Amino acid sequence: MGSSLRIVNGRVFDPANGVNGAVQDVCIQDGRIVADVPPDARKIDARGQVVMPGGVDIHCHIAGPKVNLARKVQPEDHRLDVHPRTRFTRSGTGGTVPSTFATGYRYAAMGYTSAMEAAVPPLGARHTLEELHDTPVLDKGFFVLVGNNVLLYRLLQEGRHEEFRQALAWWISVTKAYAPKLVNPGADEMWKGHRNANITALDQKIDSFDLTPRKVIAAFIEAGNELGLPHPVHIHCNNLGHSGNYETTLETMRLAEGRRAHITHIQFHSYGSVAGKSRDNPTSRAHDIAEFVNTHPNISADVGAVMFGHSTSMTADAPLAYMLRQFSHGKWVNADTEHESGCGILPFTYQDRNYTNALQWAIGLELFLLSKDPWRMVFSTDHPNGGSFMSYPRLIRLLMDREFRKEQMAKVNQKALEHCSLRDCQQREYSLYEIAIITRAAPARLLGLTQKGHLGAGADADVTIYDEDDDKERMFSTPRYVIKDGELIIDDHEFRADHEGRILHVAPDYDPEIERVIQPFFDDFYTIRFANYPVDDRYVRGGQIIPTTGQAAPAGR
Amino acid sequence: MGDEIKTVRDATCTFCGCVCDDMVLTVDVQNKRITKAENACILGKAWFREHAIEERPFALIGGREATTEEGVEEAAQILARARFPIIYGLSDTTCEAQRVAVAIGDMIGGTVDTTTSVCHGPTGIAFQAGGESTASLGEIKNRADLVIFWGGNPAEAHPRLFTRYAVTPKGMHIPNGKKDRTIVLVDVRRTPSTPVADIFIQVKPRSDFEVLWALRALVKGRKVDPSVEQRTGVSLAVLEDLVARMKSCRYGAFLFGMGLTMNRGRHFNSGALLALATDLNEFTHFVAKPVRGHGNVTGADNVVSWQTGFPFGVNFSRGYPRFNPGEFTTVDTLTRGDADAAMIIASDPASNFPKAAIEHLKRIPVITLDPKATHTTQLARVAFTTATYGINVPGTVYRMDDVPITLRPAFDSPYPSDEEVLTAIRDRVRELLGGNRLPVGTRPAPAVATS
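Protein chains in written order, with the working numbering: chain Z, 1 to 557; chain C, 1001 to 1451.
Think of the hints as simulated: they come from the structure by calculation, not from any bench. All of these numbers come straight from a predicted model, not from anything done at the bench. In this text, a Cβ means the ideal position worked out from N, Cα and C, and glycines have one as well. Don't take every hint at face value.
[Said to hold, decoys possible] Restraint-style ranges between C-beta atoms, simulated for each label pair: (1) Z:Pro-547 with C:Gly-1221: 53 to 63 Å; (2) Z:Gln-544 with C:Ala-1244: 50 to 60 Å; (3) Z:Gln-326 with C:Arg-1250: 18 to 28 Å; (4) Z:His-493 with C:Phe-1283: 48 to 58 Å; (5) C:Ala-1052 with Z:Asp-536: 25 to 35 Å; (6) Z:Gln-544 with C:Lys-1006: 32 to 42 Å; (7) C:Ala-1244 with Z:Gln-326: 22 to 32 Å.
Use the sequences and the hints to build the structure in full.
Pasting the structure below:
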């Protein structure tokens, strides 16, 4: 900090400020983007290069209890992919679930400077924050799992909506989370309490409660918006991965009734079924899903694209992981967290010759290519579920280069391509401007991170500079410069400095009286004392509170 | 007793892996003692009572009294010179200290290993091979109607496992506590834990694996020969009864101890039990949980895993983490005579390691961090006195079910924390080495270019 920098001669892509490839200077002072810097500031000559804000990952699994279990269970992955230390950076191991240090450095080495861990049970908040502190370079936060919370369910069931809202605010605030996350609402009780059953319909009664997923989801959408959270609610719908689930997804989106809601890894929720065939035979319903998102500006989504090769399924959706196990036949982890969450983990390989896997791959691409508003259909592979974050550059090339896409389509299960419309939308190629939207500007906006994803004065000086290259995979794999908070972390392709990054969280106000409602539940049913549950400020030292507003931010522009 | 008496509520006991956080401590502030520990079990009461501040030198270097700073200098010199240093222990200190310890191991290219390698290490290996179905202790408290203890004696080793988590407490779906649960205990002998069980199954020593494998076969509907009784001491009828109970319960839980892991079969035993729990999920909900000994051994597993990808027995000499139990586990390295320095944190290997390993410790410079004098501090070149975690030092510990809990210290110690000493050592080693030590032959980074 304190240093100043001027990036000259580069083609700048800053969609939030309408800059589309213009050659203009980007100036940095004290960790912020500024209008101008003194003439003696260090200059970076970015001739032949592309300047973008640092990448922002809206949904990935990089830290916390389930991630660490997934790490521990795959030593063979780490052995094959080591990450040596340098004089000033730490060592680690890779694979689809890298160690924390390798995660931070590898994101940075792709030009990403912010990422959101997408599913943490409240009891795992401390663990997650400790790991995030050991995840260098990135600014980061996490979404807290509240969609199967037993006490919140009880309040809802009893119609105590105000107390439900207060308790939700309490939970988000005391765990130092960034956003509320729903995962397969209603399923935990079926899984843990009903011999590993699952929820299959929005109007199905949830075991042990007088509730349905429909009621639960609607209540969270309403409360998240009323609390004015920068990212009101992040939803993993019911029926993930099941043939015919697109109807559940559409119904879930309708529940928002004009309010803001983000549907995550929507690819996994866009499946139809062949009429008259068994439910196991999925088809693409990307058209219906894309059409709905296109025409509903209150809805946003990340794609959760599938990439071929090794992945790790790790999810709070325990029944889903158990279902996948019948295909993988290998290692499997299940981990229940009292009153808060389930969790399932297994190594998984997506194969291009496999009908279902090829269809999933195609649907991910379809959703991107059918999207009419890149600000609301943004980039993700649900790392490491659909594929590692290390596959992002390849996915970018698939979007930007139709010849490459055609080559890849020729290699996959052709029957799968008959059950989707990828061939019909084959003409479209994403521009650098659109890529800058879906990987930076839009995720930042959807998260309500006003200082990220753009290069206007006052923004955090998180900047990535790529060499222009016809091979977009190579281009986005190896930025020449990465600047974090104004500091040159990667300079001429080499790491030159280490950087801790900071924790981003929200602190919605709640009425302290709500603790009188919450504490008795803890005394009776939790195994940790109520007083020891809130996460104190030491765990977010140097962090940043993103303000909540009285009203929710708009999704689109 | 002094005049100033303080009460610390919701304090945490770090004596064992139960990490009970409902202590009410009465503290004699002036005399720096805990006079009463309400809710503590017999082990916890002793833990709190015995951790008063003793008059000890801040550090001993070669038996001579020294300051912490002098100790840091000597320790840093030892670690910076060493070619095959081991950092070991870590299960009785905070995660904050553990993180710095692994950082030092990475920086100097040493080995980092924890007491996991001599307790549930085999379970860690079994987990890597097949995964596990597990749960937080609160799920067991609130849901488990069948609890099977295997190879452990919680009544004496983890008393509150019975009373706070898994047997007697009432839970959401277990309104009558123990009455609503069936408790099974499997062990090679009767212990003070036996009376707690509704069903006690005594297996012949060294035949746990055979019993577990027979149960797996029965669960899968295979035939098991009645001769299993001669081998294991358990009749087929008893096994069939247990299988029927396991398949028909609503939420079953195994809690297993070192009777399985440090016995003939080791990781095969843990693996068989984890696989059995996994198999049972075809019929009902079933989980398994290793019962962990030290207060923060679970934190050590987590920290080492998130920083390196592996849970224990990690070597950094090639510039990146490698995992090889049997090679990089401390007993094995010391017994071979490989290490040329050791830093032992919050552990006393000289009291329980094999003789050959202890003999090697005596031959190499050893650094210890411990609140107390131990067999290991006796043979140390540099022995730091540090404050006790949970009693004097704040920070984070992980319960045996991976739930992290923040400590509420009762009173200040004049001694520094493990984290403070380790941080000072790390910073000084970094100065001495000019940053991380790189393996021989590593390409140096080019000089920084400016324009």
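Between Z:His-493 and C:Phe-1283, does the beta-carbon spacing fit 48 to 58 Å? Holds, at about 55 Å.
Hint check for Z:Gln-326 and C:Ala-1244 - Cβ pair distance inside 22 to 32 Å: holds, 25 Å
When you take the CB atoms of Z:Gln-544 and C:Ala-1244, is the distance between them in 50 to 60 Å? holds, 56 Å
Range hint compliance [Cβ, Z:Gln-544 to C:Lys-1006, 32 to 42 Å]: Given range 32 to 42 Å: holds, Cβ gap about 35 Å.
With 53 to 63 Å as the target window, see if Z:Pro-547 and C:Gly-1221 comply at their CB atoms. holds, 60 Å
How does the Cβ-Cβ distance of Z:Gln-326 and C:Arg-1250 compare with 18 to 28 Å: does it lie in that range? The hint (18 to 28 Å, Cβ to Cβ) holds, given that Z:Gln-326 and C:Arg-1250 are roughly 23 Å apart.
Go ahead and decide if the range 25 to 35 Å is satisfied by the Cβ distance of C:Ala-1052 to Z:Asp-536. holds, 27 Å
Hint violations for this structure: none, all hints satisfied.
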